[in-house]
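Asks: Letter by letter, the chains look like this.
There are 2 protein chains.
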Amino acid sequence: MIHFSINKNLFLQTLNVTKRAISHKNAIPILSTVKITVEEEGITLIGSNGQISIENFISIKDENAGLLVSSSGSILLEATFFINVVSSLPDITLEFKEIEQNQIVLTSGKSEITLKGKDADQYPRIQEVPTSNPLILETSILKNLINQTAFAASSQESRPILTGVHFVLTNHKELKTVATDSHRMSQKKITLDKNGDNFDVVIPSRSLREFSSVFTDDIETVEIFFANNQILFRSENINFYTRLLEGSYPDTDRLIPSEFTNVVTFNTSDLRFAMERARLLSNATQNGTVKLEIEKGLVSAHVNSPEVGRVNEEIETESVSGEDLTISFNPTYLIEALKAITSEQVRISFISAVRPFTLVPAEGQEGEDFIQLITPVRTN
Amino acid sequence: MIHFSINKNLFLQTLNVTKRAISHKNAIPILSTVKITVEEEGITLIGSNGQISIENFISIKDENAGLLVSSSGSILLEATFFINVVSSLPDITLEFKEIEQNQIVLTSGKSEITLKGKDADQYPRIQEVPTSNPLILETSILKNLINQTAFAASSQESRPILTGVHFVLTNHKELKTVATDSHRMSQKKITLDKNGDNFDVVIPSRSLREFSSVFTDDIETVEIFFANNQILFRSENINFYTRLLEGSYPDTDRLIPSEFTNVVTFNTSDLRFAMERARLLSNATQNGTVKLEIEKGLVSAHVNSPEVGRVNEEIETESVSGEDLTISFNPTYLIEALKAITSEQVRISFISAVRPFTLVPAEGQEGEDFIQLITPVRTN
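Protein chains in written order, with numbering that gives the first Met the number 0: chain Y, 0 to 379; chain X, 0 to 379.
Treat the hints as calculated values from the structure; they're not laboratory data. Note that the structure is predicted; figures quoted are calculated from it, not measured. Just so it is clear, CB atoms sit at the ideal spot from N, CA and C, and this is done for glycine as well. A couple of the hints might just be wrong.
Keeping only pairs whose Cα atoms sit at most 25 Å apart, straight-line, the calculated DSS-like set for lysine-lysine is [stated by the list, open to error]:
{"id": "1", "chain 1": "Y", "residue 1": "K290", "chain 2": "X", "residue 2": "K109"}
{"id": "2", "chain 1": "X", "residue 1": "K7", "chain 2": "X", "residue 2": "K142"}
{"id": "3", "chain 1": "X", "residue 1": "K295", "chain 2": "X", "residue 2": "K188"}
{"id": "4", "chain 1": "X", "residue 1": "K295", "chain 2": "Y", "residue 2": "K109"}
{"id": "5", "chain 1": "Y", "residue 1": "K295", "chain 2": "Y", "residue 2": "K142"}
{"id": "6", "chain 1": "X", "residue 1": "K96", "chain 2": "X", "residue 2": "K60"}
{"id": "7", "chain 1": "Y", "residue 1": "K18", "chain 2": "Y", "residue 2": "K142"}
{"id": "8", "chain 1": "X", "residue 1": "K193", "chain 2": "X", "residue 2": "K142"}
{"id": "9", "chain 1": "Y", "residue 1": "K109", "chain 2": "X", "residue 2": "K142"}
{"id": "10", "chain 1": "Y", "residue 1": "K175", "chain 2": "Y", "residue 2": "K142"}
{"id": "11", "chain 1": "Y", "residue 1": "K295", "chain 2": "X", "residue 2": "K109"}
{"id": "12", "chain 1": "Y", "residue 1": "K193", "chain 2": "Y", "residue 2": "K172"}
{"id": "13", "chain 1": "Y", "residue 1": "K115", "chain 2": "X", "residue 2": "K115"}
{"id": "14", "chain 1": "Y", "residue 1": "K60", "chain 2": "Y", "residue 2": "K96"}
{"id": "15", "chain 1": "Y", "residue 1": "K188", "chain 2": "Y", "residue 2": "K172"}
{"id": "16", "chain 1": "Y", "residue 1": "K142", "chain 2": "Y", "residue 2": "K7"}
{"id": "17", "chain 1": "Y", "residue 1": "K290", "chain 2": "X", "residue 2": "K115"}
{"id": "18", "chain 1": "X", "residue 1": "K18", "chain 2": "X", "residue 2": "K7"}
{"id": "19", "chain 1": "X", "residue 1": "K7", "chain 2": "X", "residue 2": "K109"}
{"id": "20", "chain 1": "Y", "residue 1": "K338", "chain 2": "X", "residue 2": "K109"}
{"id": "21", "chain 1": "X", "residue 1": "K7", "chain 2": "Y", "residue 2": "K109"}
{"id": "22", "chain 1": "Y", "residue 1": "K188", "chain 2": "Y", "residue 2": "K338"}
To give a feel for the contact side, a few chain Y residues facing chain X, derived at Cβ under 7 Å [stated by the list, open to error]:
{"id": "23", "residue": "T113"}
{"id": "24", "residue": "K115"}
{"id": "25", "residue": "R276"}
{"id": "26", "residue": "L279"}
Across the chosen pairs, the derived CB separations fall in these ranges [what the hints assert, rightly or not]:
{"id": "27", "chain 1": "X", "residue 1": "N286", "chain 2": "Y", "residue 2": "S131", "range": "55 to 61 Å"}
{"id": "28", "chain 1": "X", "residue 1": "Q285", "chain 2": "Y", "residue 2": "S131", "range": "50 to 56 Å"}
{"id": "29", "chain 1": "X", "residue 1": "N63", "chain 2": "Y", "residue 2": "D90", "range": "47 to 53 Å"}
{"id": "30", "chain 1": "Y", "residue 1": "D118", "chain 2": "X", "residue 2": "K188", "range": "53 to 59 Å"}
So here's chain Y without its partners, still in its complex pose (with noise of 0.2 Å):
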């Protein structure tokens, strides 16, 4: 039978991590709890949506939980309505006693309030892995890595491959990682301080956000470990698993061009909000494109909606060279990728109307180890 005492606002804090896994309507109801295990040496959490599972871990030896574990025991608690519950109580401290088989008191000051839980056996076992051979990243890094890619890939079922990131090591330590939704591409490449196995994976891009929303800024270092279809990403205190999508994910070294008619560099948030501006006007065509037209040195972009009205802009420009050129493309994948461009100012590399163009940081170390492919759209 559980007992313990903990600072309520940071059991409150590391349930609400755990509840990045939970979903509110799952499929298998039983994934609506939070698994709770009380052992002497600390506190489990654990949420799982089935794709995503964490683990968290509250020591006794965390001055900031000042936990005092009486007696150990694991129960399952309806998540959503556990946390509103935590988080209404008024003491900063809680006892937790379970009274009799999977019920429980939480007492507060003066508030005292049971709650029925469910037995832990029920909850489905998180299929173990290996934790041998670390590959260790900066999480930082890792993030990096996520927020430069994820959003390329599809968000669409029909491919379901592309729905991830691929992950490519080789040589130990040249890390690529890559997402597509075949209509652009981004693609990042470091090379990690220290030797690692060789891995080629594909991680769900929905995972990866939850991961980045997990790993706060103030955990230096993940752990990476693999299994057969999973992945474990571990800190200090967080177990975070994903599955892994299966099948191979299709070639795209090929994709990328090395020779180009027309380069242009711009101030990247000038050329974002100029696209910003023709997205306003592009949604309310047929095609949902803008044009770009370089002509004797001068770049601007140009909208038609016969219904709402037009967009002529003339965007200011770094440097142009090459061949007049004239591309029509969604603005929507120009501005998520220069998002994801940190350097003032970015490269966009042409071939021709209907070639896949290119954007690199013009500034800075990344280069060419950070490239992004968009693909044109043909009009008439």
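Fit chain X to the given chain Y structure using the hints.
Replies: Below, chain X without anything else, positioned relative to chain Y:
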């Protein structure tokens, strides 16, 4: 053919105020537009949803507007879309020029956006309200009256008159404001500084909430005018019209009890948080109530949901007098009532388990001038 230039931020801010009256999906399509009327002295923006109409005036004398009018005229523009376009413009000033009938060009920096509008003659005429003999109120006092009563109005159309707030001026200076949804009631009385003509009107609570958003705190006073079925709130640059509700408002004075068997003084926020905890579990019960027990000077709250669990809580009091009592009610009504009370302590007076109880601020100057009523729920 309209032609003016203006500061983008001020124009945008004023458009956003006007838009509060504009519904994106109005049954009358023309009401999704904003009407822009340009005259020598300034620009008038009009939005309406048929219930509320807002007229905003931007004067050429307003230094923040930087308004230069070259040519006057009127046009209708799709409000949401136009506001999005204006907010996307790159420069701090914009030029607005009608280039042909109902077609305008916005120029800002190097961006040039052409938009199609509609003929201003299609816009319905706003019924005029004679502006003589205004009632003048401080905006903060009026907003306070609204905050303290409008939430208690009904949100259901089954008795339309109860969706409004009853404003009655008697003896030229006694203003009474009252709202009820038949389960609870809130009434606030004030004495005006200046005499006015007596009136008796019911204003839709939804209009009053918009009023509070439109009349910001920097607007010190508001003039009020009445017509048959309309009311006009006027400040220097804003005319806010709303329809009145027709029909006679029920006599609420007779509902307010004056003799009690039991009076308890609580700390307002302690009681509110206790009720918020109770509500978490009462939501899962059949009748959704919390039971308050007053026994030998101790007050406690109880909820018992067979499925989810129980709450038992002793609530601290400042003073308790009278007989023992057990009473059940919907905690949401008490929570909302307590939110409207700014005083640190609240005095609640009971008659019996089946008669409404009253709440008044236990400190400050309001006292009985701000009284609320909540009807209990009979259990078993």
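Asks: Now, for every hint given, state plainly whether the structure supports it.
Replies: These are the hints, each one checked on the structure:
Taken as a hint, the Y/K290 and X/K109 pair is honoured in the structure, with Cα atoms around 16 Å apart against an allowance of 25 Å. Our distance criterion of 25 Å between C-alpha atoms is broken by X/K7 and X/K142, whose separation comes to about 29 Å. With a CA separation close to 35 Å, the supplied pair X/K295 and X/K188 exceeds the 25 Å bound. A threshold of 25 Å between alpha carbons decides the hint, and for X/K295 with Y/K109 the separation of about 17 Å falls inside it, so the pair holds.
For the given pair, Y/K295 sits about 41 Å from Y/K142 by alpha-carbon distance, which is inconsistent with the 25 Å threshold. For a cut-off of 25 Å, the pair hint linking X/K96 to X/K60 stands: about 21 Å separates their Cα positions. With a C-alpha separation of about 20 Å, the suggested pair Y/K18 and Y/K142 falls inside the 25 Å cut-off, and the hint holds. For the suggested pair X/K193 and X/K142, the alpha carbons sit about 18 Å apart, so the restraint of at most 25 Å is met.
The suggested pairing of Y/K109 with X/K142 is violated, with an alpha-carbon distance near 37 Å, which exceeds 25 Å. Note on Y/K175 and Y/K142: the hinted pairing holds, with a Cα-Cα distance of about 14 Å set against a maximum of 25 Å. At most 25 Å may separate the alpha-carbon atoms for a hinted pair to count; Y/K295 and X/K109 meet this at roughly 17 Å. A hinted pair counts as satisfied when its Cα atoms are at most 25 Å apart, and Y/K193 with Y/K172 qualifies at roughly 7 Å.
Among the hinted pairs, Y/K115 with X/K115 is inconsistent with the structure: their alpha-carbon atoms are about 61 Å apart, more than 25 Å. Annotation: proposed proximity of Y/K60 to Y/K96 holds, straight-line Cα distance about 21 Å (limit 25 Å). With a CA separation close to 10 Å, the supplied pair Y/K188 and Y/K172 stays within the 25 Å bound. Among the hinted pairs, Y/K142 with Y/K7 is inconsistent with the structure: their alpha-carbon atoms are about 29 Å apart, more than 25 Å.
Our distance criterion of 25 Å between C-alpha atoms is met by Y/K290 and X/K115, whose separation comes to about 20 Å. Of the supplied pair hints, the one linking X/K18 and X/K7 holds, its CA atoms being roughly 16 Å apart against a limit of 25 Å. A threshold of 25 Å between alpha carbons decides the hint, and for X/K7 with X/K109 the separation of about 15 Å falls inside it, so the pair holds. Between the alpha carbons of Y/K338 and X/K109 the distance comes to roughly 22 Å, so the proposed pair stays at or under 25 Å and holds.
Among the hinted pairs, X/K7 with Y/K109 is inconsistent with the structure: their alpha-carbon atoms are about 55 Å apart, more than 25 Å. Proposed proximity of Y/K188 and Y/K338 is supported: the alpha carbons are some 18 Å apart, at most 25 Å. Interface restraint check for Y/T113: the shortest CB-CB distance to chain X comes to about 4 Å, inside 7 Å, so the restraint holds. Because the smallest distance between the Cβ of Y/K115 and any Cβ of chain X comes to about 5 Å, under 7 Å, the interface hint for this residue holds.
A hinted interface residue such as Y/R276 counts as satisfied when its beta carbon comes closer than 7 Å to some beta carbon of chain X; here the least separation is about 4 Å, so the hint holds. Using the Cβ-Cβ criterion of 7 Å, the hint placing Y/L279 at the interface with chain X is satisfied: the shortest such distance is roughly 6 Å. With their beta carbons about 58 Å apart, X/N286 and Y/S131 fall inside the hinted range of 55 to 61 Å. About 55 Å separates the C-beta atoms of X/Q285 and Y/S131, a value consistent with the hinted range of 50 to 56 Å.
Distance hint check: the CB atoms of X/N63 and Y/D90 are about 50 Å apart, consistent with the given range 47 to 53 Å. Separated by about 58 Å at the C-beta atoms, Y/D118 and X/K188 satisfy the suggested range of 53 to 59 Å.
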